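Novice: These are the residues of each chain, in order.
There are 4 protein chains.
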Amino acid sequence: MSEYFKGIKQIEYVGKESREQLAFHYYNPKEIIGGKSMQDHLRFSVAYWHTFTAEGRDMFGVESAQRAWNKYTDPLDKALARADAAFEFMSKLGVKYFCFHDRDLVDEQETLRETNKLLDKVVEHIKGKMKESGIKLLWGTANLFAHPRFMQGAATTCDADVYAYASAQVKKALEITKELNGENYVFWGGREGYETLLNTNMELELNNLAKFMHMAVEYAKEIGFTGQFLIEPKPKEPTKHQYDFDVANSYAFLQKYNLDKYFKFNIEANHATLAGHTFQHELRYARINNLLGSIDANMGDLLLGWDTDQFPTNVYENVFAMYEILKNGGIAPGGLNFDAHVRRPSYEDIDLFYAHIAGMDAFALGLKIAHKIIEDKVLEDFIEKRYNSFKEGIGKKIVEGTTNLKELEDYVIDKKVSLPKSGRQEYLENIINQYIF
Amino acid sequence: MSEYFKGIKQIEYVGKESREQLAFHYYNPKEIIGGKSMQDHLRFSVAYWHTFTAEGRDMFGVESAQRAWNKYTDPLDKALARADAAFEFMSKLGVKYFCFHDRDLVDEQETLRETNKLLDKVVEHIKGKMKESGIKLLWGTANLFAHPRFMQGAATTCDADVYAYASAQVKKALEITKELNGENYVFWGGREGYETLLNTNMELELNNLAKFMHMAVEYAKEIGFTGQFLIEPKPKEPTKHQYDFDVANSYAFLQKYNLDKYFKFNIEANHATLAGHTFQHELRYARINNLLGSIDANMGDLLLGWDTDQFPTNVYENVFAMYEILKNGGIAPGGLNFDAHVRRPSYEDIDLFYAHIAGMDAFALGLKIAHKIIEDKVLEDFIEKRYNSFKEGIGKKIVEGTTNLKELEDYVIDKKVSLPKSGRQEYLENIINQYIF
Amino acid sequence: MSEYFKGIKQIEYVGKESREQLAFHYYNPKEIIGGKSMQDHLRFSVAYWHTFTAEGRDMFGVESAQRAWNKYTDPLDKALARADAAFEFMSKLGVKYFCFHDRDLVDEQETLRETNKLLDKVVEHIKGKMKESGIKLLWGTANLFAHPRFMQGAATTCDADVYAYASAQVKKALEITKELNGENYVFWGGREGYETLLNTNMELELNNLAKFMHMAVEYAKEIGFTGQFLIEPKPKEPTKHQYDFDVANSYAFLQKYNLDKYFKFNIEANHATLAGHTFQHELRYARINNLLGSIDANMGDLLLGWDTDQFPTNVYENVFAMYEILKNGGIAPGGLNFDAHVRRPSYEDIDLFYAHIAGMDAFALGLKIAHKIIEDKVLEDFIEKRYNSFKEGIGKKIVEGTTNLKELEDYVIDKKVSLPKSGRQEYLENIINQYIF
Amino acid sequence: MSEYFKGIKQIEYVGKESREQLAFHYYNPKEIIGGKSMQDHLRFSVAYWHTFTAEGRDMFGVESAQRAWNKYTDPLDKALARADAAFEFMSKLGVKYFCFHDRDLVDEQETLRETNKLLDKVVEHIKGKMKESGIKLLWGTANLFAHPRFMQGAATTCDADVYAYASAQVKKALEITKELNGENYVFWGGREGYETLLNTNMELELNNLAKFMHMAVEYAKEIGFTGQFLIEPKPKEPTKHQYDFDVANSYAFLQKYNLDKYFKFNIEANHATLAGHTFQHELRYARINNLLGSIDANMGDLLLGWDTDQFPTNVYENVFAMYEILKNGGIAPGGLNFDAHVRRPSYEDIDLFYAHIAGMDAFALGLKIAHKIIEDKVLEDFIEKRYNSFKEGIGKKIVEGTTNLKELEDYVIDKKVSLPKSGRQEYLENIINQYIF
Ligand SMILES: [Co+2]
Ligand SMILES: [Co+2]
Ligand SMILES: [Co+2]
Ligand SMILES: [Co+2]
Ligand SMILES: [Co+2]
Ligand SMILES: [Co+2]
Ligand SMILES: [Co+2]
Ligand SMILES: [Co+2]
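Protein chains in written order, with the numbering used here: chain U, 56 to 492; chain F, 56 to 492; chain R, 56 to 492; chain C, 56 to 492.
All the pointers check out, no bait thrown in.
Calculated pairs, DSS-like style, for lysine-lysine (alpha carbon to alpha carbon, straight line, at most 27 Å):
| # | chain 1 | residue 1 | chain 2 | residue 2 |
| --- | --- | --- | --- | --- |
| 1 | U | K446 | F | K266 |
| 2 | R | K186 | R | K64 |
| 3 | F | K191 | F | K64 |
| 4 | C | K276 | R | K461 |
| 5 | C | K316 | R | K461 |
| 6 | C | K470 | R | K233 |
| 7 | F | K476 | R | K147 |
| 8 | U | K382 | F | K266 |
| 9 | R | K276 | C | K452 |
| 10 | U | K452 | F | K276 |
| 11 | R | K126 | F | K476 |
| 12 | F | K476 | U | K266 |
| 13 | F | K476 | R | K64 |
| 14 | C | K147 | C | K71 |
| 15 | C | K471 | R | K133 |
| 16 | R | K382 | C | K266 |
| 17 | R | K233 | C | K461 |
| 18 | F | K184 | F | K85 |
| 19 | R | K71 | F | K440 |
| 20 | F | K126 | R | K470 |
| 21 | U | K61 | U | K184 |
| 22 | C | K133 | F | K126 |
| 23 | R | K471 | F | K126 |
| 24 | F | K295 | U | K432 |
| 25 | U | K182 | U | K61 |
| 26 | C | K126 | F | K126 |
| 27 | C | K471 | U | K61 |
| 28 | R | K172 | C | K461 |
What the hints contain is simulated information worked out from the structure, not anything from laboratory work.
Since this is a predicted model, take the numbers as computed values, not measurements.
All chains should be modelled from the sequences, with the hints used to inform the complete structure.
Specialist: In structure tokens form, the structure reads like this:
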């Protein structure tokens with residue numbers, strides 16, 4: 056078996072002062088933060104598609120990278136080489152989880168039967184790799200967006216055969232996710248939406264989408280797959296409108312179709328911002344509804360209108376994300392999956408290391424700072440006081456639901472109601488800076 | 056009683072060819088379209104706040120208009136004059152509905168008791184005007200956003216006294232809406248959201264918001280108000296994040312808190328686009344969920360990031376809106392409320408006429424064109440064919456929910472699945488143009 | 056030679072009432088509008104890349120279309136077949152111009168010498184086709200963005216060899232544009248910008264870009280190419296920031312580097328909106344600075360943040376575009392190039408016809424309506440009156456530059472300055488609607 | 056004279072570890088960074104309008120704050136009280152500069168003559184305050200946007216009288232800026248643009264704008280005002296389109312009208328992002344063109360589409376801003392003016408301190424980190440190497456302008472051009488994080 060990342064040794068923690076760049080400056084996997092190791096807090100995962108399968112194509116240009124492991128003509132040779140490279144990379148990087156779409160592992164063949172046959176061989180190979188390395192599967196999924204048959208949707212297609220094909224892919228993807236002890240299964244509906252309402256039966260499509268998910272839930276029970284089902288919302292791109300627009304939109308869908316007990320959310324930073332929300336907003340909303348499942352850790356460029364999927368190097372964002380995760384009691388069985396790709400000009404293999412290290416260090420900082428903020432109850436104490444009028448008297452009755460409009464009117468009809476306490480946003484932002492720097 | 060709009064006569068329908076501008080070219084109230092008069096289809100309403108109360112202030116400049124009816128010092132004098140002007144305007148324009156916030160009618164006084172006393176006098180006056188003119192109340196609402204006490208929310212404030220005050224305002228607004236036979240009651244939560252998550256207990260705020268709405272529903276029952284409750288979603292502005300972000304977000308809220316049987320939506324075009332949706336998308340989504348209640352008819356500028364509330368002169372948008380309304384079987388008991396204000400440089404009284412005429416004519420065109428498109432089943436037939444694979448065989452089983460992943464896999468495992476039919480977007484856009492022009 | 060578009064006959068004008076869709080309803084090439092044929096007003100052009108070379112790939116999916124003419128393995132066979140298909144398509148459509156990038160015509164080979172050799176053969180073939188069909192070249196350009204060597208810019212690359220390669224491509228592209236009597240030559244700097252300022256010497260890059268353009272101007276003189284040089288601005292995508300952000304930005308560049316006498320602009324609707332401008336704004340700004348050269352006729356989706364390059368079916372936009380073109384005295388030697396591609400689900404060959412027909416009809420409408428608006432001096436008369444205070448007295452002195460702050464102060468120091476005339480935006484929008492419908 | 060900020064003492068530097076919040080943790084005015092005190096590097100300025108004149112109004116709500124100094128009925132009383140409060144605030148805060156619009160100082164009166172008379176008294180008072188406190192005027196400007204007469208522009212109005220009035224205001228503003236030894240004079244053209252092109256003569260308006268600026272330049276010469284003239288670009292809001300869209304747009308204007316030798320730019324962070332640029336982009340572009348004059352130090356919310364003018368607490372942004380300023384050799388005679396206002400819920404007087412402290416500390420961090428990055432030549436060395444192919448051979452000829460397309464073609468015609476060096480964005484972002492944290 057060839058070594059793909061020659062000259063690169065195990066990435067080690069070297070501490071803040073070192074200027075060695077193939078090393079961690081903040082991420083120290085075994086370091087204990089609040090009773091748990093950084094590694095267990097963060098549960099980092101590498102995304103098979105961005106790091107091993109794709110090679111830097113964009114809308115205006117062909118692939119900028121040429122990965123040695125992708126150069127094989129025979130699909131199985133390529134798939135196995137790719138898996139070897141993947142496990143070498145993850146081992147050297149010290150990441151303990153990965154995620155994949157079925158089609159990341161091996162190219163699609165003429166028929167589904169042939170594809171599945173090949174897939175089984177690759178899965179077998181990967182199983183060995185996992186055992187050998189101790190690396191685990193965070194989640195699996197099916198790619199229901201790249202093939203032209205899905206151009207008008209998979210579960211929301213206008214074509215029943217395409218729907219059947221997508222269903223069969225999900226069946227197989229569930230099987231291999233189970234086979235590899237995947238801890239979650241994700242639905243990202245990249246083509247589940249519409250290009251134009253002029254040709255769309257939205258009601259039928261949404262009904263079909265709900266049935267698709269119910270069938271998946273049923274089949275999981277049947278085969279004993281007990282991982283968590285996750286929806287990954289995104290508002291648009293490639294589709295003009297995607298049905299799983301954001302967490303709240305999708306929550307409306309789950310409730311309507313009685314799916315809310317089976318699903319949580321895989322929240323991606325860049326998808327949050329494309330939907331007009333901060334990453335923290337989506338995490339918070341999911342958290343308070345007990346829907347926070349897993350995270351696609353990346354960052355977007357808010358001046359650009361597409362999914363740039365950048366490595367998450369903005370520490371502010373990571374502090375706020377880790378704040379929500381810590382308040383959630385952790386992210387397990389989910390994790391932090393780097394659904395991020397190197398910029399097209401960062402085309403060398405070594406950039407894959409630099410990029411993941413940058414993201415891991417920036418999230419390690421996020422964890423440490425968020426932990427300290429929570430430990431010191433900086434925000435908790437402020438918030439406690441801010442709402443304290445709801446702890447007694449009329450406020451308590453409001454919260455408990457034991458009052459009504461008449462009583463409330465009586466309470467204020469002649470009262471001089473004073474202004475609420477100052478929101479102190481700038482004060483709080485300044486304190487956060489003092490924790491960060 | 057003074058005449059405010061001197062020299063302006065009743066606005067009449069003059070037909071397409073005339074170049075008279077204080078006249079309708081397309082809106083012919085009694086003209087029958089598909090068995091119903093244009094007037095009954097469109098149910099136009101004037102927004103009290105934009106047209107009679109506000110005077111053209113923006114973030115960087117003071118009022119550009121000086122309305123004669125707002126020049127009184129005594130609050131009651133001003134309120135009565137404003138009502139007189141309003142009914143003169145609506146009568147001359149030939150609009151049969153209006154909408155208001157409590158504070159549009161009369162300025163707030165020292166105590167709620169005093170304000171309500173004054174309000175009663177104005178309502179009494181308006182009641183007479185309504186009787187006299189035959190103009191009706193489409194909906195009422197409470198202004199829970201302008202006063203500084205609401206700077207951090209009303210139903211989602213951090214201060215129990217403020218919550219009580221807001222509740223009392225809603226109580227009174229419900230009473231006067233009932234008194235004036237209002238057909239709907241609207242909640243627009245302009246301050247129900249947050250400026251920063253750093254100081255926010257989102258869970259408590261959302262719980263309180265749900266309780267607020269339940270109390271309103273209870274009180275309506277108590278006083279026998281049988282109008283439709285409506286939520287008007289908006290994603291942001293003035294608040295950084297508003298809880299009623301869009302229709303789907305709010306639908307998630309309604310379902311979670313068992314409010315979905317009491318509420319529908321008042322959908323505003325400009326709010327839809329601020330949330331990243333087309334107006335038609337919001338209407339469609341509401342329609343297929345039986346949630347389409349009423350409409351704030353305006354338009355935004357998609358190159359600007361704030362709520363410009365322009366008069367809806369874009370006929371394309373109006374065609375697609377009327378398409379959804381017609382497919383909904385009409386908009387009643389809702390209507391088309393012009394939540395729109397003249398541009399700040401259109402500061403003359405006569406501009407209020409020009410602007411409403413522009414919006415009414417553009418919606419009349421929308422109605423006529425949409426009706427023709429539906430009558431000819433242009434889109435219906437296309438859509439019917441597009442999805443016809445779901446009418447029999449495996450497609451039928453999918454729709455009926457009588458299949459499963461295994462059967463679907465068997466169906467496609469060796470099948471050569473062909474591509475779905477072309478979506479034909481450009482073809483359809485071209486046909487729509489042929490209907491429009 | 057095969058016929059590629061079997062069963063499709065010459066697209067003819069059938070008039071407004073017909074429901075035949077492989078026909079023009081508004082575009083009547085020989086119809087005279089204001090003394091010039093529609094064909095000469097509009098100077099439509101087909102974009103080689105979108106219509107003949109590309110096949111519907113997007114960021115999340117592979118090609119949806121499979122064009123018969125692109126199925127050849129041998130590059131020359133493919134190139135010749137593609138040209139045949141192109142001329143068959145344009146002839147049947149009745150479009151008299153086309154545009155290309157060097158690499159649209161034929162695939163790049165191992166060395167530039169080999170590529171150019173092949174290119175010469177294709178150009179020879181195309182020359183014959185042009186003669187035969189009477190179809191002309193609106194403009195040529197070089198593709199300096201798709202190959203990985205350009206990942207960090209072409210004229211603004213960090214690598215001198217890449218710069219040299221780009222220069223050589225421009226040289227050849229100028230030669231073949233001249234050979235084919237191209238009327239313009241376009242620079243679209245899709246990679247001329249930066250991904251991150253962290254690694255960028257902006258000053259050096261801009262200096263190099265200016266030198267690049269000067270060399271092109273010099274070489275054009277040398278070979279006697281007298282077509283118009285055009286810059287096509289775009290703010291971003293694929294690059295994070297593109298130097299030719301918008302017309303005004305690029306005009307600053309041209310002035311600084313003394314290039315303004317050699318260049319005009321090729322303005323694309325979707326690029327305008329990505330830069331935060333209306334299409335009309337960019338056209339107007341260019342027009343009043345005598346910089347309006349040519350047009351990439353398409354439309355964007357303002358709710359999406361990337362270049363959707365849709366066929367321009369929005370008649371409003373086309374009216375305003377044609378208004379500027381008519382006020383410019385026409386667009387020649389530029390034209391209206393459909394830099395637009397069919398939606399990915401519109402993957403059938405016939406959709407190429409439907410889409411171009413939709414764009415052509417919608418622009419024909421734009422022309423007819425804009426012509427009428429100008430003929431009736433609707434806006435001209437209004438504007439004339441609006442600014443009439445600048446025609447005499449102090450206003451005249453201001454315009455003529457014969458006054459100063461002191462005199463102006465004296466003029467107003469004790470004066471009660473009244474408000475300017477109402478801007479009457481809604482009134483004007485309404486009148487425009489009366490012209491459109 | 057009353058003390059307005061009772062109980063607040065001089066804000067002192069207490070260092071990173073203290074949790075005292077009415078204190079600086081990073082801003083230590085006399086601390087020397089790279090041979091210059093922090094105070095001299097940063098040249099902080101308080102914005103009179105946001106901090107002393109305005110009181111927290113927004114589009115949907117009235118003032119949330121009630122400043123004691125604004126409670127006077129008599130305009131002069133109010134103006135003097137406001138000035139007293141301003142100088143008390145700035146003294147306690149330790150800021151050495153301020154900026155104002157003419158109308159921030161005192162309310163407009165019936166005639167310009169009366170306003171100017173009052174203004175003279177206030178200026179006299181402020182002059183005394185300045186002398187006493189050592190606080191200086193960074194820049195003055197005229198408010199040509201708030202009064203209704205400017206609703207359709209000031210220098211680009213459709214009304215000559217309005218133009219004259221604006222001119223007279225600029226004359227007076229120049230005089231008082233000179234009187235107070237202002238180091239710069241700013242033009243922010245908030246209404247210089249259009250609401251709709253339908254009623255706009257863009258060419259006339261731009262010509263008039265240029266004449267306006269030339270008259271100001273002339274008058275400055277006449278009275279011996281030697282401060283720097285600055286344009287502050289903003290793309291929109293309140294106007295639909297503002298002519299000074301961004302730095303490059305305005306640079307095109309300055310060049311066209313031969314104004315480029317008299318003007319530099321006052322660059323605001325939030326205006327940069329509204330125009331689709333990063334703050335650093337605008338600073339960099341200005342810097343390399345020797346146009347960087349001064350800074351309006353704030354930050355925007357990129358998920359909101361309006362000018363939020365928040366206090367600049369994002370340290371990343373401040374690092375990149377200070378990087379450009381240091382590379383510029385400093386910002387003098389400009390400074391860092393906090394064109395920022397407290398959030399509406401931060402309505403207490405003490406929030407004015409918290410907010411400015413937050414901004415000052417965050418910029419002090421920016422300075423320290425940027426200085427270290429430059430000192431270590433982290434980016435400089437990388438960039439130097441990245442472009443080193445332009446230092447000799449063909450690259451040198453390119454840079455020197457001594458080659459041409461033919462020579463460049465010869466150079467590459469048979470050459471295998473390799474890919475440029477990796478851009479290493481993630482690697483660089485990671486290193487920047489190591490400097491920041
Ligand atoms: Co993702
Ligand atoms: Co993404
Ligand atoms: Co509304
Ligand atoms: Co609105
Ligand atoms: Co283009
Ligand atoms: Co484009
Ligand atoms: Co500013
Ligand atoms: Co600002």
